[in-house]
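Q: So the chains spell out like this:
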Amino acid sequence: EDKEEDESTEEDNGSQQNRASRRKNYQRRNGDGKKAREERSQKKGRGKTAPNKDQKESENKEKKTTKRGKEGENKQKKDRKNSISSSSNSSDEESLSEEELAMLKEQVEQKKKLISTMRNKPWRMVKKLSVLREAQDFVEKFEGALGKGKGKKLYAYKMMMAKKWVKFKRDFENFKTQCIPWEMKIKEVESHFGSSVASYFIFLRWMYGVNLVLFGLIFGLVIIPEVLMGMPYGSLPRKTVPRAEQATAMDFSVLWDFEGYIKYSALFYGYYNNQRTIGWLKYRLPMAYFMVGISVFGYSLMVVIRSMARNANESTGDGDDDNFIFSWKMFTSWDYLIGNPETADNKFASITTSFKESIVDEQESNKDENIHLRRFLRVLANVLIICCLCGSGYLIYFVVKRSQTFSKMQNVGWYERNEVEIVMSLLGMFCPPLFETIAALENYHPRIGLKWQLGRIFALFLGNLYTFLLALMDDVNEKLAEEDVVKNITHWTLLGHHNSSAGNDSTVTPPPLDPADVPRGPCWETTVGIEFVRLTVSDILVTYITILVGDFIRACFVRFVNYCWCWDLEAGFPSYAEFDISGNVLGLVFNQGMIWMGSFYAPGLVGINVLRLLTSMYFQCWAVMSSNVPHARVFKASKSNNFYMGLVLLILFLSLLPVAYTIMSLPPSFDCGPFSGKKRMYDVIQETIELDFPLFVAKIFSYVANPGLIIPAILLMVLTIYYLNAVSKAYQRANAELKKKMQMQREEEKNKRNNKASTNPMLQDLEDLLTPSTKTESPPKQAEDKKMESQNGTGPAGKPGRGEFLAGSPMARGRGAFTPPSQVFATQPRTLGARAPHPGQPRPWGHPLGPVPGRGRGQPCY
Amino acid sequence: TCGGSGAMGGSASLIPRDLLGEYQELTFLSKQEILLAYKRFSELLPKEERENACSTRVPKSQILTLPELRANPFQHRICHVFSTSETRDDSMSFEDFLDMLSVFSDSATSDVKSHYAFRIFDFDDDGTLDRKDLEQLVNCLTGQGEESRLSSAEMEQLIQNILDESDIDKDGTINLSEFQHVVSRSPDFARCAAHQRVA
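Protein chains in written order, with the UniProt record's numbering: chain V, 1 to 862; chain L, 1 to 199.
Computed list of lysine to any residue pairs in SDA-like fashion (alpha-carbon distance at most 20 Å, straight line):
#1 V/K740 with L/E165
#2 V/K699 with V/I685
#3 V/K112 with L/F28
#4 V/K282 with V/A266
#5 V/K678 with V/V486
#6 L/K31 with V/V126
#7 V/K163 with L/L20
#8 V/K169 with L/L35
#9 V/K121 with L/S107
#10 L/K31 with V/N120
#11 V/K740 with L/R185
#12 V/K739 with L/S184
#13 V/K121 with L/H115
#14 V/K739 with L/R185
#15 V/K167 with V/D137
#16 V/K739 with L/Q180
#17 V/K121 with L/D106
#18 L/K31 with V/F175
#19 V/K169 with V/I180
#20 V/K113 with L/S107
#21 V/K169 with L/S107
#22 V/K164 with L/K31
Rather than coming from a laboratory, the hints here were simulated on the basis of the structure.
With the hints as constraints, model all of the structure from the sequences given.
A: Structure below.
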């Protein structure tokens, strides 16, 4: 140990001595200051007594020291009396004590800093404890001495508050860590499967948190007010099941398709009334609906970007530096989170292969004849995958188109009704494994391979989703055309009803038409909402069934049938499933995209999603622990999961687009939803401003909304982005420049070493001339020599441990102390350095029989 | 130092309050984690010694039964580095245990981590990583199985490559500052020693 230990203790002793001396110094000075103050206070009559023993002791010491001090000061006083007036004298005293105070303050600050950074010191706990206590005592003792007069109390108070604040912060941190759910579960998974699998669960937990907030927003501000204060079910046509559907409205098969009573509930857009205010609170529900819809996106954007920024800040190490491939493999490849022997075995195997691979790579990096084959395979793989993507996109478009014809027909079967969802789920289930098979052609590093895989599945899902959206948009347009017709019918029906009842009996007000009988428009918003809810639910079911069948039942089969089977099932064909990180992450991300898109038209969707995430946390944790095996090539998650976050951000943006389009450019249905009767949904803002705010607000708003102002504002933003981008580019360039400089320096240093190891005789002669004649000493120990020789014959210079060897030479200290000629070689191209060692190498270091006779141990180099 | 008096009553507060505060100040662990660590630590002791878990040492064989260390190829080194035992039997006191957990915790700085990683990798405790250390390190990382071992030529090549990269002053060994320089630039390092043991 114990060099290290010795060093640290030495360092410790040093610092303690240093501290002690500083303290003494302080006490002396403090004594002076105190004395000065005491003298002043003595005139008034001796005041306060020392609050504690320590201080008394120190005062006693001070008294001893004061005698000397007094003499000195008396002398000074005499001098001053001779020359300077008394007023200046007192001011001098004042400044003196202030200076001391500043010093004291500085020391206290230093101690505090020490206390706060103590945990960063690689010391033993015993030592840390003692140093901490000492520092704390010091701070406690002298903190009170700081500040004077009125300031003193304030200072003490401030200190106390600071202490309290620190304690509070610590408690709060403790509380916060206690509030993080599933920590134990995730750690358990982590120790069995390594950090990459755990990163999925951490991501799932984060997603759950975000959804919980969205759920709170939507339920607290939209659904609950509507349920509590809005008109009850059955009071309006939009809140009533139509007469034709009433017979089957409670059937499970109907409810399962989110028709019937569920369709006419607060879970969907169509249920909400366009009344401006509801209840005794005069709650502006349409306004709230609109604002919540916007703030769902606003909050999500903010959270995603904030966590991305935080991740980016944390990742200081730039991984693109490939100078240390082997060292990193060596020093950082073990995943310390692994606690499972089986995983550990896999990890050993993967480390070994990666070592072997990198050695082979290094050996063959120049003559890679397989590069063409590999390139060809990669291109082929990409072509195949693009074919798959196009095929799946077309399939979905075809299916959605067909489902529109089905929806017009009566009496269609279960399969026809759910064809879209089934096809999409099947594609999502079978394409990723297919991609994985194709990706085996490419032979990437697993971490890069994972990224490619993620990108491809992402493209697949995105294509599917957007095809689905396009088809849905066609549907919506058809519905809009249909609506115009229905609108007239409704109008005439109501009018006719009114006329007929008026014609029968003019004295009695006509009985209102039952809301169930009023003809309805198609209400495209609810249709869209239902589509998303159904898609989400079928996605949940498919995911769970896949886990159950593909993982659990497979595991059971492999485990129990293995006893009576002709080949080894566990090692052979079916074996156990691995946890599919990429598929799961993307499933989660796309599910979230669906939630974002659907939540405007189906406010209840977020509630479903919260339940989904909650159950899948437990279910997937259980499934992973019970039926999956660790990856054959265990690899660590990369440090920042900004990649996931980037996916989320992209999906968020992409799901914002269709929603924004429908809000901005489609007219809302005339007879359902909070915005019915308006030309556009955003008219609700204008209405609120005109009716609820004073006139000048409306004026300001109209000015702000003026294109003449908006366009310059956008221009300004674009310019700012451009400017900031340019600045960051400049920083990047500066960074790259600095990095290059550092590399140059390093290369130079290397070259210097190499050159030094192999300097030509001329240089050696020169150095021989320069070194003083301390060459008479005996050659150094042979054992040391052997060691050095075995290490490629390089010199020991610059190493503190063996510094005393070289003490005789002025050249020995540091790397910078080379003679000028070596600089010439240092700047020469590397090839020289690489080739050069050979002539110099055979000369043993310090050997008396070297080409230059009589060289002793004073020589720093050969 | 740590008064493990059972008289304190509550199961959680076997560590005095102020000491707990100091531990929080000195480690990267939160209060719950320290208490959990205490629990785990005292579970390693025989029943009769649990009362004063703070002042007793747990022998190495017991420490190695922790599931988190069982699979770790550096288990002996870890015990050795963090132990303060005078008899060199690598037994651990509670404070040593806390030291270890703190270094392995998520929030520990990479400086501390790399310092201890260096000492763990320094098999012969001479303050530098020389060829023998690196060889042993590779053997630890490739596991015990015969088929996973590297051949001696491969080993030679590997160690040479590592020295070429990391040994900046070309003295044939890697010292602490070189190690920290290399490791601090690795994108993986901060994660490689994240904590699991507690919590």
